[in-house]
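Residue numbers (our numbering), protein chains in the order written: chain A, 1 to 190; chain B, 1001 to 1268.
Don't read these hints as lab results, they were simulated from the structure.
Even for Gly, the Cβ is constructed at its ideal location relative to N, Cα and C.
A hint or two may mislead.
Incomplete in silico selection of chain A near chain B, CB under 7 Å [as the list claims (entries may be wrong)]: (1) G27; (2) V45; (3) G73; (4) E136; (5) L140; (6) R147; (7) L155.
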Amino acid sequence: MGVVLPGVRRNLDAADEDELVRRTARGDRRAFDELYRRTSPWLAVRLRRRCADEDVVADVLQETYLAVWRAAGSFAGSATSGSAVGWLWTIAANRLVDAFRRRARHAQMPAVPLVETTAPAAEDEVMAGRVGQDLEQALLLLPAEVRQVLRAMVLDGLSVRETSLLLGVPEGTVKSRARRARIALREALS
Amino acid sequence: MTTHHPNLAVISRYAQGGTGLDDATVWTVEVHLEECADCRARLAGSTTGDTRALLDRVAAAVDRGLDESPPPARLVQAWSAARRRWLIWALAPWLGMTLTALVCAWMLESLKPGMPSLVLLLAPVAPLPGVAIAWSRRVDPAWELIAGTPGAGLMMLLRRTATVLAVIVPALALVGAGTRESPALMLLPCLACTAATIGLGGRVGVRRAAIGVGATWAAVVVLPTLVTADLPAFLQPGSVPAWALATAALAAYAATRAADYRGLSSLS
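Put together the whole structure using the sequences plus the hints.
Given below as structure tokens:
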């Protein structure tokens, strides 16, 4: 990372992630390092919650950041640039699906099992007020495999095909689980 | 989404992985983290030793990878794309040649004032070399792409022709101002010949059409004029309305031939 001048340091501290990606697009290595410093812990934790194999997570992270370096121009150049962080996650999620696709032939990957349905812990009651209580209960009452599908499709923005690769189940199963989730959540909202 | 930040205990349990939090909490944390830089920083401070070791490993690998990889690809600027719609550099030498010929004609004319105006004789064919090059498989390295592009065709030829005319017409007006002839008599035949080339070009190929129109003009007008040293009737000032009509008619004809430019034969 080398020695960083104080002025540059302050300058980078003030920049948000979008700005850092734009500077990376101009070949600024320091901006890229700062982007890595700020976002990689978040990305690593999030990926580890989706894949138990550390080596795969490391590979996915490495490929993601190399792709960010190469493709920063396409983010910075797009007029309708969303948030850089969302863009980063999209890249990482796609790389994760690719990694699962590669390994699918050799062995089944150990995905992280979701939590069994439990009553919310006392500390989490504070959080509960944010999501509608009914909705949260409905979510927690869903079977774990349905929640996995919901997480991949709603939270991670993956398609049915990608979800089926990630979870190692047929596409038809993904669709039927998504339908079950939709019905359950609609009931909770009505 | 919300300004409610998860507390540090929740974040550190999220960072630990495992089953310390229920799914609803994990999801709200994840959605929040995607939008909140402060909480991402707090998460970075709560990561486990495992994650930090993993990140160090990845950082070293990314550093190595970056040393080997080229700098980020630059995106094509919007103005550059617009420029390419209108201009190919292959036109430049042909336009330069045409301009030189016009200047030579003008110099010859001013040296021998008794002769019929050479500029007037050359004006109608002046844009033809440029038009022929604008739509040519020999000169444009991208012609295969153009041939396969639905948006190409007559519109593209017209754009490039407009570029050619944008150079030739002011030059003609400038040179023509130095002669005694009417500017309308210089510009209208020039536009008429261009329209004729485009109208025929779809059928026989733009290059052949340009050669044909140029040769016809040379045989029917230029040679007899040089032999008899007298301008023909249709290059006298009174013929301007007729040229205007002919220009309009040829342009309309060219417009009806747009479908011809969907075939490869026009790109010869």
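Going down the list of hints, with the structure as the test:
1. G27: For G27 of chain A, the interface hint holds, since the closest Cβ of chain B sits about 4 Å away, which is under 7 Å.
2. V45: At 5 Å from the nearest chain B Cβ, V45 of chain A passes the 7 Å test, so the hint holds.
3. G73: With a minimum Cβ separation of about 4 Å from chain B (threshold 7 Å), the hint on G73 of chain A holds.
4. E136: Status holds, d = 4 Å.
5. L140: holds (6 Å)
6. R147: holds (5 Å)
7. L155: This hint holds: L155 of chain A lies near chain B, its Cβ roughly 6 Å from the closest one there, short of 7 Å.
Figure legend: structure checked against the earlier numbered hints; every hint is met.
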